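Mind the numbering: the sequence shown is residues 1 to 295 in the UniProt record's numbering, read in order.
The set of hints was computed from the structure by calculation and includes no laboratory data.
Note that this is a predicted model, so its numbers are computed, not measured.
C-beta: ideal position from N, C-alpha, C; glycine also.
Check each hint, because a few of them may be wrong.
[As the list claims (entries may be wrong)] Derived DSS-like pairs (lysine-lysine); straight-line CA-CA distance at most 30 Å:
1) 59 / 21
2) 281 / 267
3) 237 / 137
4) 267 / 237
5) 137 / 21
6) 59 / 25
7) 286 / 249
8) 59 / 237
9) 286 / 21
10) 25 / 286
11) 249 / 237
12) 59 / 286
13) 137 / 25
14) 25 / 267
15) 137 / 99
16) 286 / 267
17) 99 / 59
18) 59 / 249
19) 25 / 99
20) 267 / 249
[Said to hold, decoys possible] FRET-style restraints, in silico, Cβ to Cβ:
21) 10 / 86: 41 to 51 Å
22) 141 / 235: 28 to 38 Å
23) 21 / 52: 45 to 55 Å
24) 37 / 141: 16 to 26 Å
25) 184 / 152: 46 to 56 Å
26) 39 / 81: 23 to 33 Å
27) 49 / 159: 35 to 45 Å
28) 28 / 167: 19 to 29 Å
29) 53 / 159: 22 to 32 Å
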Amino acid sequence: MLYSMTGFGLAESQAEGFRMKVEIKSVNHRYLEVTVRTTDREWIYLEDGIRRTLQERIKRGRVDVHVTIAFDASSEKHWEIDWAAADGYVQAARQLQAKYELDGNLTLQDLLNQPQLLRLEERASGAEAVVEPQFMKCLDRAIEALLQMRQAEGAHLRDDLLRRLASVEAICRRMTELQPAAEEQMRQRLRQRIENLLQDEEAFDDNRFAMEVALMTEKADITEELTRLQSHISQLKGLLDVREPVGRKIDFLIQEMNREINTIGSKSHALEIIQSVVDLKSELEKIREQVQNIE
């Protein structure tokens, strides 16, 4: 089963006064790279668990996780006083009054007008114990949604790769059919060149000519390259149904296929085969681009 590295997953949940949302986006990457962002530093401690969970289920891709956890309107609220800031404020006010011999007294209203001294505390007692179990369930649902999309994208990739591999196989069959004619064309061209050089000055040695043609034909033979190409294609097709990450293996096979195609291009001088090499390279490049998205 083929998985793409591109996907998106979203899940939301509630837990006793808390609202939470997990968004996960993934794109192609050579390795697994996980980035986690939380809207409040209070929940940073969840990041390690998020990364471990993702590493168990995803092997490749750049994965961005955005976590939102907030208190809903029904949460218990109370005001918290920053006593250290209050003490410092009162002490500073008294020092100013003494130094500059100022009149007036510090009042409660003066303190209440300092927003940094009071904070609306919405956090319920034992928030971690309430949030974490429910959050992990929410995370699991988001990952499942992500994997479903990656799987659906992978199915499309698989279909496209199979179509392109069928095209590659058709081009290889055409090259196999063209090879005998290419060899005969080479033989006739060589014979004509030799006859033009000799210009009836000496007898044409058919045996020597046959030996030379045999050597040239052997050097120009592309049968082995076509056989290896077919082997690589068969292996690649098999990997499309393996239930594990196969992107790197397929990428390696693509490199090997490209090497065989380059060798064919350097061996053959027949116009039809050279054109087929160009067609093969074009299809292989499209396959290579698609493979970059496979986990």
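Structure-based check of all given hints:
no.: 1; hint: 59 / 21; result: holds, 23 Å
no.: 2; hint: 281 / 267; result: holds, 16 Å
no.: 3; hint: 237 / 137; result: violated, 37 Å
no.: 4; hint: 267 / 237; result: holds, 27 Å
no.: 5; hint: 137 / 21; result: holds, 11 Å
no.: 6; hint: 59 / 25; result: holds, 14 Å
no.: 7; hint: 286 / 249; result: holds, 17 Å
no.: 8; hint: 59 / 237; result: holds, 21 Å
no.: 9; hint: 286 / 21; result: violated, 38 Å
no.: 10; hint: 25 / 286; result: holds, 25 Å
no.: 11; hint: 249 / 237; result: holds, 12 Å
no.: 12; hint: 59 / 286; result: holds, 24 Å
no.: 13; hint: 137 / 25; result: holds, 18 Å
no.: 14; hint: 25 / 267; result: violated, 47 Å
no.: 15; hint: 137 / 99; result: violated, 60 Å
no.: 16; hint: 286 / 267; result: holds, 24 Å
no.: 17; hint: 99 / 59; result: violated, 67 Å
no.: 18; hint: 59 / 249; result: holds, 14 Å
no.: 19; hint: 25 / 99; result: violated, 60 Å
no.: 20; hint: 267 / 249; result: holds, 28 Å
no.: 21; hint: 10 / 86: 41 to 51 Å; result: holds, 43 Å
no.: 22; hint: 141 / 235: 28 to 38 Å; result: holds, 37 Å
no.: 23; hint: 21 / 52: 45 to 55 Å; result: violated, 20 Å
no.: 24; hint: 37 / 141: 16 to 26 Å; result: holds, 19 Å
no.: 25; hint: 184 / 152: 46 to 56 Å; result: holds, 51 Å
no.: 26; hint: 39 / 81: 23 to 33 Å; result: holds, 25 Å
no.: 27; hint: 49 / 159: 35 to 45 Å; result: holds, 36 Å
no.: 28; hint: 28 / 167: 19 to 29 Å; result: holds, 23 Å
no.: 29; hint: 53 / 159: 22 to 32 Å; result: holds, 30 Å
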